[in-house]
Amino acid sequence: MFHGACSLIFESMWARLFNVGVESAPDSIERFTDTDRIAFGCPQFNQKKSMQASAQIAFDDASFSAFLASRQEPEWLATQRRQAWQAFGELDWPNRSHEEWLRTDIRMFGLQRYGLDSSPPESVELPQPQLAAGIELGGATVSLDSSSVKSQCEARWQERGVLFGDLGKLVSAHPEKIQPHLMRRAFDVNYDRFAALHGAWWSGGTLLYVPRGVVVDEPFHAFSAITDGGVDLGHTLVILEEGAEATLLSETASLNPTAGGMHCGGVELVVGAGANLRYVNLQDWATGVWHFSHQKAVLGQDANLQWTIAAMGSRLAKVNQHVGMVGPGANCQVNGVMFAEGRQHLSYHTLQHHEVASCHSDFLYKTALQDRARTVWRGMIKVDPQAQRTDGYQRNDNLLLSTSARADSIPGLEIEADDVRCTHGSTTGKIDEELIFYAMCRGFSRREAVRMIVTGFFQKIFDRITIDSVRQALGLAIARKVREYD
Amino acid sequence: MSEFVKVCAVSEIPDPGKMTAEVDEAMVVLFHLDGQFYCLDDVCTHDGGPLGEGQLDGDQIACPRHGARFCVRSGEALTMPATQATTSHEVKVDDGQLFVKIKLT
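First to last, the protein sequences are chains P and U.
Anchor point for the first sequence: position 253 equals 253 in this note's numbering, and the numbering is continuous, going up by one each time.
Anchor point for the second sequence: position 99 equals 99 in this note's numbering, and the numbering is continuous, going up by one each time.
Here chain P stands alone, though its shape is the one from the complex:
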């Protein structure tokens, strides 16, 4: 798209997708053409991309065939990828006539700017992980630009049948464990074009498999990083068999805090009957990164899931988070922490789907915004006709730290059963000046006062997080971001 500061680039695809273009006034001849969307400026960006262009694999048919050949994966997986790639070719990019994308503008995203890096840097200094400080881990994975650079699982857990590590490698070594779940129930490649892209091209990522009845009392840690302009297509698959228990801490970061890049990812959490999963996902990409993710958990009978999401980074994030309760008695608690600043746009779409009776879901998202940031939270509790005695709750609170920030909050209910308790709520407001005044009267600076109030705003979520290191990391990350309140 960017092609020097002064040249004219035509891109027919985007014009068709978004119906943008040259138009005359009503009394003149209209002309919409395929050659009308143009992009200018940003020479710095051009420079970075041109330096990397030789090492990148574009997302096209020829590259896809070469990519498949290079993977040497089982045939069932290659077939799965081909089907996803076919879906990618058949689907259009989402546009703002779709309800989900009404408030999220991706016209400036261009897939052709990105490609898988065929030769990621051999030695770089990775950012310090935030979630795993001071805790004993059961295993850890690290990836850079979708390539695994570390994959380790403690022997004591391997001996008990636990699999943890790079999904790309483990999928060939343990297909019997992975094939029944990978992109079956918890990921739909036909959902939209980003899902299809991910289904076809996913690489790297993390697998956690815990066999029946095994309780892992040490968290696992997965860390994904990207270089400037890099791409992460990592896929996370967690399989907990009946009665198993585990914790996975997952986080992302960029090498440069203002860099660009793209993440197009997927998360699948398959929690068996009576199993217990704690999953934490901290998204802390640089402020130039496009982040698209489809995330879904499927809970069996009496399964428990505590899922904590922290969205801090990225230029634009569009995330679908879905919990499907398919076994009676399933229970999930989802905690969302979002902090947006600058011109960030974070769009989270949640679905708590009660498919059977007697399940409990509790979603709480808290968002703080400053500068000209914008967030969109759209939540839905869906209760199927047979899902009697459902107990569902969803809430989104927004704290506006500047007059030019904007939060769209759209909670929703879709209930087809008649014996349910479903409640939802949303609040949006700014900090009460009296609170700030009160704190300043007691010796705090204005900034300290605001920081304290913002931390207090998130406290209800922190209280729900049972992992100390996560609570501390999120508290620090938020405190670092709070600036002077205007």
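Keep in mind the hints are simulated off the structure, nothing from the lab.
Take these hints with a grain of salt, some might be off.
[Claimed, not checked] Computed far set for chain U versus chain P, every beta-carbon distance over 10 Å:
id: 1; residue: 27
id: 2; residue: 37
id: 3; residue: 50
id: 4; residue: 67
id: 5; residue: 76
id: 6; residue: 93
[As the list claims (entries may be wrong)] Across the chosen pairs, the derived CB separations fall in these ranges:
id: 7; chain 1: U; residue 1: 76; chain 2: P; residue 2: 83; range: 48 to 56 Å
id: 8; chain 1: P; residue 1: 386; chain 2: U; residue 2: 74; range: 30 to 38 Å
id: 9; chain 1: U; residue 1: 35; chain 2: P; residue 2: 437; range: 49 to 57 Å
id: 10; chain 1: P; residue 1: 415; chain 2: U; residue 2: 93; range: 57 to 65 Å
id: 11; chain 1: P; residue 1: 119; chain 2: U; residue 2: 78; range: 51 to 59 Å
id: 12; chain 1: U; residue 1: 78; chain 2: P; residue 2: 437; range: 36 to 44 Å
id: 13; chain 1: U; residue 1: 105; chain 2: P; residue 2: 480; range: 22 to 30 Å
[What the hints assert, rightly or not] Computed list of chain P residues with no C-beta within reach of chain U, every gap over 12 Å:
id: 14; residue: 80
id: 15; residue: 93
id: 16; residue: 110
id: 17; residue: 376
id: 18; residue: 408
id: 19; residue: 415
id: 20; residue: 439
id: 21; residue: 451
id: 22; residue: 452
id: 23; residue: 463
C-beta: ideal position from N, C-alpha, C; glycine also.
Go by the hints and put chain U onto chain P.
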């Protein structure tokens, strides 16, 4: 600090007419009206709608979503449901070429 960026030849936008463009990572709408050129953010301040897809009516552009009208010359919000102006960017013509300077906000 933003600088003037060449966008297109002035002849590419009919008078009256409009064209959407991406300039310095901002989506904008360029207007050609009575021989003058104007540039606004391609964003309705009510609901983020794409102004460039709206109807141009004299010196007003109507958001295609909810009909909020904005002054093409200044970006001022003229009708509900929009209440805040959309950003207006500086435009200049030099040697038959149109240049835009993105206002950083």
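Consistency of the hints with the structure:
1. 27: 6 Å, violated
2. 37: 14 Å, holds
3. 50: 7 Å, violated
4. 67: At roughly 15 Å from the nearest Cβ of chain P, residue 67(U) sits farther out than 10 Å, so the non-interface label holds.
5. 76: 17 Å, holds
6. 93: Answer for residue 93(U): holds, closest chain P Cβ roughly 15 Å.
7. 76(U) / 83(P): 48 to 56 Å: Once the Cβ atoms are compared, 51 Å apart, the range 48 to 56 Å for residue 83(P) and residue 76(U) holds.
8. 386(P) / 74(U): 30 to 38 Å: At roughly 58 Å between Cβ atoms, residue 74(U) and residue 386(P) fall outside 30 to 38 Å, so the hint is violated.
9. 35(U) / 437(P): 49 to 57 Å: The hint (49 to 57 Å, Cβ to Cβ) holds, given that residue 35(U) and residue 437(P) are roughly 54 Å apart.
10. 415(P) / 93(U): 57 to 65 Å: Distance hint for residue 415(P), residue 93(U) holds at roughly 59 Å.
11. 119(P) / 78(U): 51 to 59 Å: Holds, at about 55 Å.
12. 78(U) / 437(P): 36 to 44 Å: 38 Å, holds
13. 105(U) / 480(P): 22 to 30 Å: 24 Å, holds
14. 80: For residue 80(P), whose nearest Cβ neighbour in chain U is about 35 Å away, the distance exceeds 12 Å, so it holds.
15. 93: Consistent with the label, residue 93(P) stays out of reach of chain U, its closest Cβ about 15 Å off (over 12 Å).
16. 110: 9 Å, violated
17. 376: The claim is violated: residue 376(P) sits with its nearest Cβ about 9 Å from chain U, within 12 Å.
18. 408: 9 Å, violated
19. 415: 27 Å, holds
20. 439: Correct as stated: the minimum Cβ-Cβ distance to chain U is 30 Å, above 12 Å.
21. 451: Nearest chain U Cβ is 25 Å from residue 451(P), so the label holds.
22. 452: Answer for residue 452(P): holds, closest chain U Cβ roughly 29 Å.
23. 463: Nearest chain U Cβ is 34 Å from residue 463(P), so the label holds.
Hints 1, 3, 8, 16, 17, 18, counting from the list given before, are not met by this structure.
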